[in-house]
Amino acid sequence: MSWLTQLFSRRRLYRDLSEEIQAHLDERVEELLADGLSREEATHTARREFGNVGLIEEDCREVWAWPSGEEVFVDIRYGLRALRHSPVFTVVALSTIAIGIAANTAVFTVVNSVLLKPLNYPKSEELVALHQIAPGAEGLADFESGLLLSPSMYVTYSERNQMFQSLGVWITDTANVTGMAEPEQVRVVSVSDGVFETLAVPPAVGRWLSPPDQVPNGPKRVMLSYGYWQRRFGGDAAVVGRNITIDSQPREIVGVMPKGFQFVNADFDVAAPLAFDRGKLILAGFGFHGIARLKPDATIAQGNADLTRMLPIWMDSWSNGPGTNSHIYETWRITPMIRPLKQELTGTVGELLWVVMGTIGVVMLIACANVTNLLLVRVEARQQELAVRAALGAGWTRILRTLLVESLMLGLMGGIVGLGFAYAGVRLLLAIGPSNLPRLNEIALDVRTLGFTLVLSLLSGLLFGLIPALKYAGPGGSLALQSAGRTTSVSRERHRARNLLVVGQVAMALVLLMSAGLMIRTFGALRRVDPGFSDARHLQTIRIAIPDSLIAEPERVTRTQNEIVDRLAAIQGVKSVGFASDMPMEGVDSAWDEIFAQDKVYSGDLIAPLRLYKNISPGFLQTAGTRLVAGRDMTWSEVYALRPVVMVSENLAREIWGTPSAALGKHLREFKDMPWHEVIGVVQDVREKGVQEKAPEIVYWAPLVHNRFAPAVRTATFVIHSERAGTDSFLNEVQAAVWSVNSNLPLASVRTMQDSYDKSLARTSFTLVMLGIAGAMALTLGIIGIYGVMSYTVSQRKREIGIRLALGAQGGDVLYMVLRQGTKLALLGVAIGIGAALCFTRLITNLLFGVTPHDPLTFVAVAALLILVALLACYIPARRATLVDPMVALRYE
Amino acid sequence: MTKSMQRDLFPGALEMMILRTLKRQPMHGYALVQQIKRTSNDLLEIEEGSLYPALQRLLKEGFVKAEWGISSTNRRVRTYKLTAPGAKHLEREVSSFERMLKGITQVLAPGEL
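Keeping their order, the protein sequence lines are chains A and B.
The numbering of the first sequence is this note's numbering, which starts it at 1 and goes up by one.
The numbering of the second sequence is this note's numbering, which starts it at 894 and goes up by one.
Think of the hints as simulated: they come from the structure by calculation, not from any bench.
Treat each hint with caution, since some may be false.
Capping the alpha-carbon separation at 20 angstroms, the derived lysine to any residue pairs in SDA-like fashion look like this [said to hold, decoys possible]:
#, chain 1, residue 1, chain 2, residue 2
1, B, 958, A, 15
2, A, 759, A, 347
3, B, 953, A, 57
4, B, 953, A, 13
5, B, 958, A, 19
6, B, 981, B, 992
7, B, 930, A, 48
8, B, 974, A, 19
9, B, 930, A, 26
10, B, 953, A, 19
11, A, 117, A, 350
12, A, 694, A, 852
13, B, 958, A, 13
14, B, 930, A, 51
15, B, 953, A, 15
16, A, 824, A, 836
17, B, 958, A, 62
18, A, 220, A, 274
19, A, 117, A, 423
20, B, 930, A, 49
21, B, 930, A, 31
22, A, 672, A, 609
23, B, 974, A, 16
24, B, 953, A, 16
25, B, 953, A, 59
26, B, 930, A, 29
27, B, 958, A, 57
28, B, 958, A, 16
29, B, 974, A, 13
30, B, 930, A, 25
31, B, 953, A, 62
32, B, 930, A, 47
33, A, 666, A, 632
34, B, 930, A, 32
Residues from chain A shown here face chain B by an in silico Cβ test under 7 angstroms; the list is partial [stated by the list, open to error]:
#, residue
35, 20
36, 49
37, 50
38, 51
39, 63
As the structure is a computational prediction, the values presented were derived from the model and not from experiment.
From the three backbone atoms N, C-alpha and C, an ideal C-beta is built for every residue, glycine too.
Next up, chain B with everything else stripped away, as it sits in the complex:
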């Protein structure tokens, strides 16, 4: 189930969703998973494990920052925060995704067939 989901996501989709989620507010890994699940109305269930390599990639690129802190449930967690380059990157990615989506929608639109 999760395997097929992952295959259906295009490369960069997970990173885009992470950045978008972090834009709203900084959060730690576990919360990120829950948040993405919730906002997609449980349509997307990302594999928890694949989140962490994606976070490391974003960290390395400098799109997010990480800081150890205390969560609302009072546990030691590592909180991720969007950076300025990260915000710019997200904007670019979203606009190119929208163009792509538009293209795909047009091709899939009924009546043309």
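Bound conformation, chain A alone:
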């Protein structure tokens, strides 16, 4: 008989069996009747001789069953029925589990997509970012990006390496595309040869940029991103070979990258060749990101050794011009520290995400504790039923299995419901997550996430099922038919597990609330920091680039910008206007240079410390609300006259000259052949890289300077102070004003300063929201836990309380008794929680600002809050206890 027909004929088979056994018994009874026994005696004797009918039938059925598999089916059916019979328990337990699993799945989805999944490149594990540090290059070493590569470094590395399959450098930029309906600013990634070979993603249409495209002054060619191709050309495959005007220069399109292709961490519309002119390269120019593909079996360490070996070759091969010392960079102590591209991409987000994952995991534990408590109560109530089953011959393994199958089913059902919530949760996470979260577009539920949810569901089912199951159905479990049902008093032992769970819950909730509290304090501290600008909500910023193909002459560029400022200032409701090479927190790559002070001695040919510099227009500081600490702003007439004046930040003034006022009248310059510039103003420190980063030392040049490389700032952020900032009508007028000066100028990065400010706080506010949610969930679950246990205790002690009241105890005594018990648990939990928090909050030190991980105020406040809430949760059951009517309580049962 095949298993299939077996399965279908099963029901008939079992029916036959029962009928047959019944016939057997009948026959025996008849025989005994014939022997002269009474019917009653005969029936008893027949049954006694036959044995346990139910057990024997089961033994018979077992012959046909798949080994144990079928029993599990029975258990599942039994479990489903049991769950259906107590809908309140089922709904409460299920929703607790579902919410816990949903939160965990949602966060895991992000962790998985951002941190665990390999990058979307072929053999992505071979890809590395050519990161290097330079402890000797003061100023540069402060920031995450380390020391970027110079073009000459790229050439040496590319030609002399032994450990890499390919390598290249790239940089992001913006450019203006004209010749279409409206001028548009596009995001450009400029690449050297080797970059596309390294990423190894084939183009969707056409070909990659190739070595012939990298010839300086050669044919101008570009590639398009899929998105830009769709947006601008409607996905027309015939676009290859057509021209597109970029920065007033026609370029031929040679290919399109496929959908979903991500250029490292940069969003791009157009990829253009860097086309280095090798004859003109010098050692310096450390502005390029390096990317490489290691040889298949090469390690990171071998890669680093290879690069270290090439550094002297690089210094010998190139120069910074006649009379300079090539080996000056030895003092920078350049150290290659290549890292896997994935690590480079995810950066510090990893730590943040793991913290969030950890806290959400703790919430899950608390949820499991709650469900365990519910199950304990439930098993206790079902003791009689289980005792009957045991008496009917079910072994303890069988009962254990029944209980475990039931809790596993709860877990699985919770997982299924939770998965639905998780989908919404991921949406929510993406909405509140930092918009600069890497790999944002890759975040999706996948097989691994589903696997995680499944494992989590089963594990939590096992976790909250095992304790009650072992306690009541384990070997030597307390299954006793006689005592079940009539409970005279409550033994301490019976409450130990529940009390321990509550203590654990309170302790875990305390740790989470503490973390959330520390984040709130951090957020507060960050908000109190003076960012170096004011009234951010009413500061409109737009970025405008003037390429030299549009306006070649530097002074004309500045005059155009000046004209834009004047037109913008004429708009109704505008208080003032200015522009700068970039705004604080804008995320534009900073510019660095060596700055020499005239009255300082720089020994030998040592390189002066690198300083961040900006170009700002007259009126910019006033518009942005950046205070002048000493001296004055520059004027437009000084700018056009190329008067050698400069401003510095307060911290730079203090570092070089001691006080801000001492800086006034002193001189500095950036190149040997540049005239000395007089310091005319000292500007308050600005939190350039975000509120939590230290304000860097900054040199403020005029927009038009005596500089052979970049005499005028061509790409500038205009800032407009107006109550109307951000409104559509205002932006229309702004656009019209700019186009009235030059209709070929696109407006890019249109936002308010508040947007940039919020974005710089995004990481902190995201962490705050996540820990806040986790803390709130923990608190709620904790309250429910305490409340549930106290309520149950009171209901169990009703008789005892009734007796106490009958013997003359006052309501207050009973209230006090119950409250004391609850408070004892809460206090124990808080004490353990504080101990744990002292260890765990240290893990989030890097996310904190202006507050220590052991901040006493937070500790006291959170502990007080928890105790208060716990008291409240105990008060309701305690109050109920005082209302027990002794007569009713004693008559009951």
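Here the structure of chain A is known, so what remains is to put chain B in place on it, guided by the hints.
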């Protein structure tokens, strides 16, 4: 009493006796119990209950067939019948049992001690 009896039977003994009894003539469960008791001169009193799981095992293996019918006492009963594979199985079992019994008898034979 019956418990100890059951413990003394070796695994497969009950099945062997059932098959042997059915070889003589098909019969239903109750009759089987009575028959085994009678032929063993009441030396063996098999627990009635344990008969049925054994019958199910034999059914599953295909050594016996079952059919609903009417007994001599005019009641609806399920009659079991030996099949060809069942007969072959019985032969094998009996011969291996006899070998075993011979061995045991020799070991237990007096004089060797």
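Outcome of the hint check:
For the proposed pair residue 958(B) and residue 15(A), the alpha carbon gap of about 17 angstroms is at most 20 angstroms, so the pair holds. Under the criterion of a C-alpha separation no larger than 20 angstroms, the hint pairing residue 759(A) with residue 347(A) is consistent with the structure, at around 17 angstroms. Taken as a hint, the residue 953(B) and residue 57(A) pair is honoured in the structure, with Cα atoms around 15 angstroms apart against an allowance of 20 angstroms. Among the hinted pairs, residue 953(B) with residue 13(A) is consistent with the structure: their alpha-carbon atoms are about 11 angstroms apart, no more than 20 angstroms.
Between residue 958(B) and residue 19(A), the direct Cα distance comes to roughly 17 angstroms. Compliance with the 20 angstroms bound is thereby established for this hinted pair. In summary, the hint linking residue 981(B) to residue 992(B) is supported, as the alpha carbons are separated by about 17 angstroms, within the 20 angstroms threshold. Restraint check for residue 930(B) and residue 48(A): satisfied, since their Cα atoms lie roughly 17 angstroms apart, inside the 20 angstroms limit. Of the pairs offered as hints, the one joining residue 974(B) and residue 19(A) holds, with about 18 angstroms between alpha carbons and a cut-off of 20 angstroms not exceeded.
A threshold of 20 angstroms between alpha carbons decides the hint, and for residue 930(B) with residue 26(A) the separation of about 19 angstroms falls inside it, so the pair holds. Pair hint residue 953(B) plus residue 19(A) holds up; C-alpha atoms about 18 angstroms apart against a cutoff of 20 angstroms. Taking the CA atoms of residue 117(A) and residue 350(A), the gap is about 13 angstroms. The hint holds against a cut of 20 angstroms. The hinted pair formed by residue 694(A) and residue 852(A) meets the criterion: a straight-line CA distance of about 17 angstroms does not exceed 20 angstroms.
As the CA atoms of residue 958(B) and residue 13(A) are separated by approximately 13 angstroms, the hinted pair is consistent with the 20 angstroms bound. With a CA separation close to 17 angstroms, the supplied pair residue 930(B) and residue 51(A) stays within the 20 angstroms bound. Between the alpha carbons of residue 953(B) and residue 15(A) the distance comes to roughly 16 angstroms, so the proposed pair stays at or under 20 angstroms and holds. Taken as a hint, the residue 824(A) and residue 836(A) pair is honoured in the structure, with Cα atoms around 18 angstroms apart against an allowance of 20 angstroms.
Annotation: proposed proximity of residue 958(B) to residue 62(A) holds, straight-line Cα distance about 19 angstroms (limit 20 angstroms). Distance check on the hinted pair: residue 220(A) and residue 274(A) sit about 10 angstroms apart at the alpha-carbon level, within 20 angstroms; holds. Between residue 117(A) and residue 423(A) the CA atoms are separated by roughly 18 angstroms; this keeps the pair inside 20 angstroms, and the hint holds. Restraint check for residue 930(B) and residue 49(A): the C-alpha separation of about 14 angstroms stays at or below 20 angstroms, so the hint holds.
Distance check on the hinted pair: residue 930(B) and residue 31(A) sit about 15 angstroms apart at the alpha-carbon level, within 20 angstroms; holds. Our distance criterion of 20 angstroms between C-alpha atoms is met by residue 672(A) and residue 609(A), whose separation comes to about 15 angstroms. Between residue 974(B) and residue 16(A) the alpha-carbon distance is near 16 angstroms, which keeps this suggested pair within the 20 angstroms criterion. Restraint check for residue 953(B) and residue 16(A): the C-alpha separation of about 14 angstroms stays at or below 20 angstroms, so the hint holds.
At roughly 14 angstroms between alpha-carbon atoms, residue 953(B) and residue 59(A) fall within 20 angstroms of each other, so this suggested pair holds. The suggested pairing of residue 930(B) with residue 29(A) holds, with an alpha-carbon distance near 18 angstroms, which does not exceed 20 angstroms. For the proposed pair residue 958(B) and residue 57(A), the alpha carbon gap of about 19 angstroms is at most 20 angstroms, so the pair holds. Straight-line distance between C-alpha atoms of residue 958(B) and residue 16(A) comes to about 13 angstroms, which keeps the hinted pair within the 20 angstroms bound.
For the suggested pair residue 974(B) and residue 13(A), the alpha carbons sit about 17 angstroms apart, so the restraint of at most 20 angstroms is met. Restraint check: the Cα-Cα separation between residue 930(B) and residue 25(A) comes to about 17 angstroms, which is no more than 20 angstroms; the hinted pair holds. For the given pair, residue 953(B) sits about 11 angstroms from residue 62(A) by alpha-carbon distance, which is consistent with the 20 angstroms threshold. Between residue 930(B) and residue 47(A), the direct Cα distance comes to roughly 18 angstroms. Compliance with the 20 angstroms bound is thereby established for this hinted pair.
As the CA atoms of residue 666(A) and residue 632(A) are separated by approximately 14 angstroms, the hinted pair is consistent with the 20 angstroms bound. Pair hint residue 930(B) plus residue 32(A) holds up; C-alpha atoms about 16 angstroms apart against a cutoff of 20 angstroms. Restraint check, residue 20(A) versus chain B: the minimum CB separation of about 5 angstroms is within 7 angstroms; hint holds. The beta carbon of residue 49(A) is positioned within 7 angstroms of a beta carbon in chain B (closest approach about 6 angstroms), and the interface hint is therefore held.
With 7 angstroms as the threshold, the beta carbon of residue 50(A) comes within range of chain B, its nearest partner Cβ sitting at about 5 angstroms, so the hint holds. Because the beta carbon of residue 51(A) sits about 3 angstroms from the nearest beta carbon in chain B, less than 7 angstroms, this interface hint is met. Annotation: interface hint on residue 63(A) holds; nearest CB of chain B at approximately 4 angstroms, less than 7 angstroms.
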